[in-house]
Amino acid sequence: MNSGINQAHKLDDFAVALTDLRTIGSALVIAPHPDDESLGCGGTIAQLRALGYAVHVAFVSDGTMSHPNSKAYPVERLRDLRESEARAALHVLAVDPDDCTFLRYRDRQVPTNGASGFAEVATRMARLIDQVKPTTVFVPWRRDPHPDHRASWQIVQEALRQTTIKPRVFEYLIWLWELGKQADMPNPDEVMIWCVSIDSVMDQRNRAIAAHRSQVTHLIDDDPTAFYLSPDLLTHFEQPRELFLEARTTY
1 MNSGINQAHK LDDFAVALTD LRTIGSALVI APHPDDESLG CGGTIAQLRA
51 LGYAVHVAFV SDGTMSHPNS KAYPVERLRD LRESEARAAL HVLAVDPDDC
101 TFLRYRDRQV PTNGASGFAE VATRMARLID QVKPTTVFVP WRRDPHPDHR
151 ASWQIVQEAL RQTTIKPRVF EYLIWLWELG KQADMPNPDE VMIWCVSIDS
201 VMDQRNRAIA AHRSQVTHLI DDDPTAFYLS PDLLTHFEQP RELFLEARTT
251 Y
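Residue numbering for the sequence shown follows our numbering, starting at 1 and increasing by one per position.
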């Protein structure tokens, strides 16, 4: 276990309980890949929906690098499967079926700031923010070790510069638990760390994760290089809470 993992789990020591989810309100969840929405904030999504708030989920990449060498599931078929799984997960979380957007950028090729295509995707994101008008945007932590997650944060930051909508921004944790290095860790002086209890919706959240069958089972069994969310990886998401980081600009 690297030191980054140890430091990531110490974030709980600095977390403040967020007990009134009405302060979050309607939400736009940015998921770099199908399954990030359930892993990072599935319990919070379920509770917001139970309170009657609209939740829209935007999937940035197609997630097709999970099985790059499968002959049974070439890119288009795998993309369609992962989108179907995403819709099934959102159904479990009670998200309206019309409240999702698939941007379909290639997995691991989501444009970063300064790269070709970045301006286009940032403009698309700004239009989506204008359309959804969320009170809060959920996006992966800015220094998440996965490049698509960092790119998604950069896209949201640029999109917010282009819109008059000024939502709160909650950054959620995915790969920081497993792959984070010391330099990736949040500094409690730079962010407020919120803790949302998901104890009452753990089963619902876990069923949403399980809906991503290609990621948690050997549904696709012809690619020895395939990526799976192993039981060991999933232990990072077994706590009955979700942590969100919010920049301290207003604190």
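Hints in this document: simulated from the structure, not taken from any laboratory. Even for Gly, the Cβ is constructed at its ideal location relative to N, Cα and C. A portion of the hints provided could be inaccurate.
With a straight-line cut-off of 16 Å between C-alpha atoms, the simulated EDC-like cross-links for lysine to aspartate or glutamate are [unchecked claim]: (1) Lys10 x Asp189; (2) Lys10 x Asp130; (3) Lys71 x Asp184; (4) Lys71 x Asp223; (5) Lys10 x Asp221; (6) Lys166 x Asp223.
Taking CB as the label site, the calculated pair distances span [said to hold, decoys possible]: (7) Asp232 x Leu51: 27 to 35 Å; (8) Asp232 x Pro68: 18 to 26 Å; (9) Asp203 x Thr19: 28 to 36 Å; (10) Glu190 x Asp96: 31 to 39 Å; (11) Lys166 x Gln239: 25 to 33 Å; (12) Asp13 x Arg143: 18 to 26 Å; (13) Thr23 x Asp203: 21 to 29 Å; (14) Asn187 x Asp221: 40 to 48 Å; (15) Lys71 x Leu179: 45 to 53 Å.
Now for the hints, and whether the structure bears them out:
Between the alpha carbons of Lys10 and Asp189 the distance comes to roughly 14 Å, so the proposed pair stays at or under 16 Å and holds. For the proposed pair Lys10 and Asp130, the alpha carbon gap of about 36 Å is over 16 Å, so the pair is violated. With a C-alpha separation of about 36 Å, the suggested pair Lys71 and Asp184 falls outside the 16 Å cut-off, and the hint is violated. Restraint check: the Cα-Cα separation between Lys71 and Asp223 comes to about 8 Å, which is no more than 16 Å; the hinted pair holds.
Among the hinted pairs, Lys10 with Asp221 is inconsistent with the structure: their alpha-carbon atoms are about 37 Å apart, more than 16 Å. Our distance criterion of 16 Å between C-alpha atoms is broken by Lys166 and Asp223, whose separation comes to about 44 Å. Between Asp232 and Leu51, the C-beta spacing of about 34 Å keeps the proposed range 27 to 35 Å intact. Look at Asp232 against Pro68: about 22 Å separates their beta carbons, and that is inside 18 to 26 Å.
Hint check: Asp203 to Thr19, Cβ distance near 21 Å, so the stated range 28 to 36 Å is violated. A C-beta distance of roughly 35 Å is found between Glu190 and Asp96, which places it inside the suggested range of 31 to 39 Å. One distance hint, 25 to 33 Å for the beta-carbon pair Lys166 and Gln239, holds here, with the actual separation near 31 Å. The hinted range of 18 to 26 Å is satisfied by Asp13 and Arg143, whose Cβ atoms lie roughly 19 Å apart.
Judged by the Cβ atoms, the range 21 to 29 Å given for Thr23 and Asp203 holds: they are separated by roughly 25 Å. A hinted range of 40 to 48 Å holds for the C-beta pair Asn187 and Asp221, which are about 43 Å apart. Look at Lys71 against Leu179: about 29 Å separates their beta carbons, and that is not inside 45 to 53 Å.
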